[in-house]
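Visitor: Make one complex out of these two single chains by using the hints.
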Amino acid sequence: MAAFEKLVRQYERQVFRIAQHIVQNREDAEDVVQDAFLKSYEKLDQFQGNSKFYTWLVRIAVNEALMRLRKRRTGRMVSIDEDVETDEGSMPRDLADWSPDPEALYGQSEMADILRKTIQGLPPGFRVVFALRDVDGLSTEETAEALGLSIPAVKSRLLRARLQLRERLTRYFKRGARRQSKDGVK
Amino acid sequence: MTCTEFLQQLDEMLDPAIAGPLRAELQEHLHCCEHCEIALNTTRKTIEIYRKHELYELPEDLQERLHVAILEKCRGCGK
Numbered sequence: 001m002a003a004f005e006k007l008v009r010q011y012e013r014q015v016f017r018i019a020q021h022i023v024q025n026r027e028d029a030e031d032v033v034q035d036a037f038l039k040s041y042e043k044l045d046q047f048q049g050n051s052k053f054y055t056w057l058v059r060i061a062v063n064e065a066l067m068r069l070r071k072r073r074t075g076r077m078v079s080i081d082e083d084v085e086t087d088e089g090s091m092p093r094d095l096a097d098w099s100p101d102p103e104a105l106y107g108q109s110e111m112a113d114i115l116r117k118t119i120q121g122l123p124p125g126f127r128v129v130f131a132l133r134d135v136d137g138l139s140t141e142e143t144a145e146a147l148g149l150s151i152p153a154v155k156s157r158l159l160r161a162r163l164q165l166r167e168r169l170t171r172y173f174k175r176g177a178r179r180q181s182k183d184g185v186k
Numbered sequence: 187m188t189c190t191e192f193l194q195q196l197d198e199m200l201d202p203a204i205a206g207p208l209r210a211e212l213q214e215h216l217h218c219c220e221h222c223e224i225a226l227n228t229t230r231k232t233i234e235i236y237r238k239h240e241l242y243e244l245p246e247d248l249q250e251r252l253h254v255a256i257l258e259k260c261r262g263c264g265k
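Just so you know, the sequences run in chain order A and B. Take 1 as the starting number for the first sequence in our numbering and just add one per residue. Take 187 as the starting number for the second sequence in our numbering and just add one per residue.
Check each hint, because a few of them may be wrong.
[To be verified] Examples of chain A residues lying across from chain B (beta carbon under 8 Å, computed):
| hint | residue |
| --- | --- |
| 1 | Leu115 |
| 2 | Arg116 |
| 3 | Leu169 |
[Said to hold, decoys possible] Below, simulated DSS-like cross-link-like pairs (lysine-lysine); rule was C-alpha separation at most 25 Å, straight line:
| hint | chain 1 | residue 1 | chain 2 | residue 2 |
| --- | --- | --- | --- | --- |
| 4 | B | Lys238 | A | Lys174 |
| 5 | A | Lys52 | B | Lys231 |
| 6 | A | Lys71 | A | Lys6 |
| 7 | B | Lys231 | A | Lys117 |
| 8 | A | Lys39 | A | Lys6 |
| 9 | A | Lys39 | B | Lys259 |
| 10 | B | Lys259 | A | Lys6 |
| 11 | A | Lys6 | A | Lys52 |
[Unchecked claim] Sample of chain B residues facing chain A (criterion: CB under 7 Å; computed from the structure):
| hint | residue |
| --- | --- |
| 12 | Gln195 |
| 13 | Asp197 |
| 14 | Arg209 |
| 15 | Cys219 |
| 16 | Ile224 |
| 17 | Arg230 |
| 18 | Ile233 |
| 19 | His239 |
| 20 | Leu244 |
| 21 | Ile256 |
| 22 | Cys260 |
| 23 | Cys263 |
Calculated directly from the structure, the hints in this document are not laboratory data. Since the structure is predicted, the reported quantities are computational estimates derived from the model, not experimental observations. In this text, a Cβ means the ideal position worked out from N, Cα and C, and glycines have one as well.
Chain B with its partners taken away, still in its complex shape (with noise of 0.2 Å):
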């Protein structure tokens, strides 16, 4: 297996319910190239961070006055 037939496959190492042959392909490839076990770890850690990371909290103030707004147009829309 190359490095780039091996990065299109990414996927199924990051999905930890994907098994058989393939997974075993890959892993195969992972102990023999530091690179790609490299670009495994490192884009299984970013997808780690963002989603540890709240980015776009929405503040409890900001969800009433959304919520209220919602609501309010919803009522109006005479539905």
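Bound conformation, chain A alone (with noise of 0.2 Å):
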């Protein structure tokens, strides 16, 4: 148990970030962790050490956060394949740049607000590539064996979720950006 307790300790910020991601909502987040947690104990056993401990925690927690997600929207089925039939972002439209620097428009909680709005609007199925990939940065192998999606399938998806993230975050400086130039008129 001392050993196991070592693991939690050391992934169960990891592990409640990535849930946070896929249900977006800290108290179902927090269950996630707890039975992602209880479920690697119970089969501990059944870890072959052909992966990381790691990786086969997250597709354990991915598991768990998309049944949540189901629980939530009464019963209906969601899965990790859910709307990534789309188009949007795969050619960016809104070619502006980004300038001022967002950076310097927004306060860090308010940028923050921001960051959450854009990435809730992307499908589960994105939202979770995008995290593993870019945020908490796994392998594009690894991201493919905790998801248990191909390789080729885990680039397309981070692709368009990045180029979808960054077109919906264009719009938003877009508008602080004028915002700005109008303060500065006054």
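Guide: Printed below as a string of structure tokens:
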């Protein structure tokens, strides 16, 4: 148990973040983290050791999180493939440069709000790929393994997630820049 | 190279570890396409901002509560 407790300490923060990215709700994320660690503890003897423990744990947590989303949506099936067949963002439309630097336009918490709202608009199957690859820093191979997806599927989702986020953030930042220039005129 | 082809390979430009002929081809397109340059820079910045801002921080008190709850559940599972 002491060795497992070490693993809990090591990964609870990251698993919580991934769960939050999927369920978008703190209470559900807490439940997901608890259930994911419990399941991994119960199934520890099934852990093959040919992948990293963390990747295996993330896979369990992602499944738990999707189940939680399904419960919240009164039993409607939620899968990692939901709403991913969208063309949105595949070709950038709004090609305004981000000037002035958006980080100079907003305070820390305002920026965090914008980032949360923006990522919430993405389908869960995009959010989680972006969170694992770009925020958590997992490799494409690890992400594919954790999500049970092929490597080309991870690459394609990551590209579309990045482009959709970019497109949506551009809209926010343009409004912010307009607001700032209006204020400057006054 | 067209803009669509460039965007399909955007990840190659975002990963600094990737080098070789494809990257050179992409660089060449960038030199003469302002739109793709903006798309690349703003996508890069998107990733950077998300990495920098901790959106779902786990406050210490909540982490402790969660930690205790996890271990209690595991101890109670009879394994």
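Visitor: All the hints need checking, so say for each whether the structure fits it.
Guide: Status of each hint after checking the structure:
1. Interface hint at A:Leu115: satisfied, since its Cβ lies 6 Å from the closest Cβ of chain B, which is below the 8 Å cut-off.
2. Nearest Cβ of chain B to the Cβ of A:Arg116: about 5 Å, under the 8 Å cut. The hint holds.
3. Of the supplied interface hints, the one on A:Leu169 holds, with its beta-carbon coming within about 6 Å of a beta-carbon of chain B, less than 8 Å.
4. Distance restraint check for B:Lys238 and A:Lys174: the Cα-Cα separation of roughly 21 Å lies within the 25 Å cut-off, and the hinted pair is therefore satisfied.
5. A threshold of 25 Å between alpha carbons decides the hint, and for A:Lys52 with B:Lys231 the separation of about 30 Å lies outside it, so the pair is violated.
6. A C-alpha spacing of about 31 Å is found between A:Lys71 and A:Lys6, which places the hinted pair above 25 Å, so the restraint is violated.
7. Restraint check: the Cα-Cα separation between B:Lys231 and A:Lys117 comes to about 17 Å, which is no more than 25 Å; the hinted pair holds.
8. For the hint pairing A:Lys39 with A:Lys6, the CA-to-CA distance comes to about 16 Å; that is within 25 Å, so the pair holds.
9. The suggested pairing of A:Lys39 with B:Lys259 holds, with an alpha-carbon distance near 10 Å, which does not exceed 25 Å.
10. Taking the CA atoms of B:Lys259 and A:Lys6, the gap is about 16 Å. The hint holds against a cut of 25 Å.
11. Of the pairs offered as hints, the one joining A:Lys6 and A:Lys52 holds, with about 15 Å between alpha carbons and a cut-off of 25 Å not exceeded.
12. At a threshold of 7 Å, the smallest CB-CB gap from B:Gln195 to chain A is about 9 Å, leaving the interface hint violated.
13. For B:Asp197, the suggested interface contact is upheld, since its CB lies about 6 Å from the closest CB of chain A, less than 7 Å.
14. For the restraint placing B:Arg209 at the interface with chain A, the shortest Cβ-Cβ distance is roughly 16 Å, beyond the 7 Å limit, so the hint is violated.
15. Interface restraint check: B:Cys219 against chain A, minimum CB-CB distance 10 Å, threshold 7 Å, status violated.
16. Hint status for B:Ile224: holds, given a least beta-carbon distance of 5 Å to chain A, under 7 Å.
17. Of the supplied interface hints, the one on B:Arg230 is violated, with its beta-carbon coming no nearer than about 9 Å to a beta-carbon of chain A, more than 7 Å.
18. Hint on B:Ile233 holds. Least Cβ distance to chain A is approximately 5 Å, under the 7 Å limit.
19. Checking B:His239 against chain A: minimum C-beta separation of about 5 Å stays under 7 Å; hint holds.
20. The closest approach between the C-beta of B:Leu244 and any C-beta of chain A is roughly 5 Å, which is under the 7 Å cut-off, so the hint is satisfied.
21. Because the closest C-beta pair between B:Ile256 and chain A is about 5 Å apart, less than 7 Å, the hint holds.
22. Look at B:Cys260: its Cβ gets to within about 4 Å of chain A, closer than 7 Å, so that hint holds up.
23. The closest approach between the C-beta of B:Cys263 and any C-beta of chain A is roughly 6 Å, which is under the 7 Å cut-off, so the hint is satisfied.
Of the hints listed earlier, those the structure fails to meet are numbers 5, 6, 12, 14, 15 and 17, in rising order.
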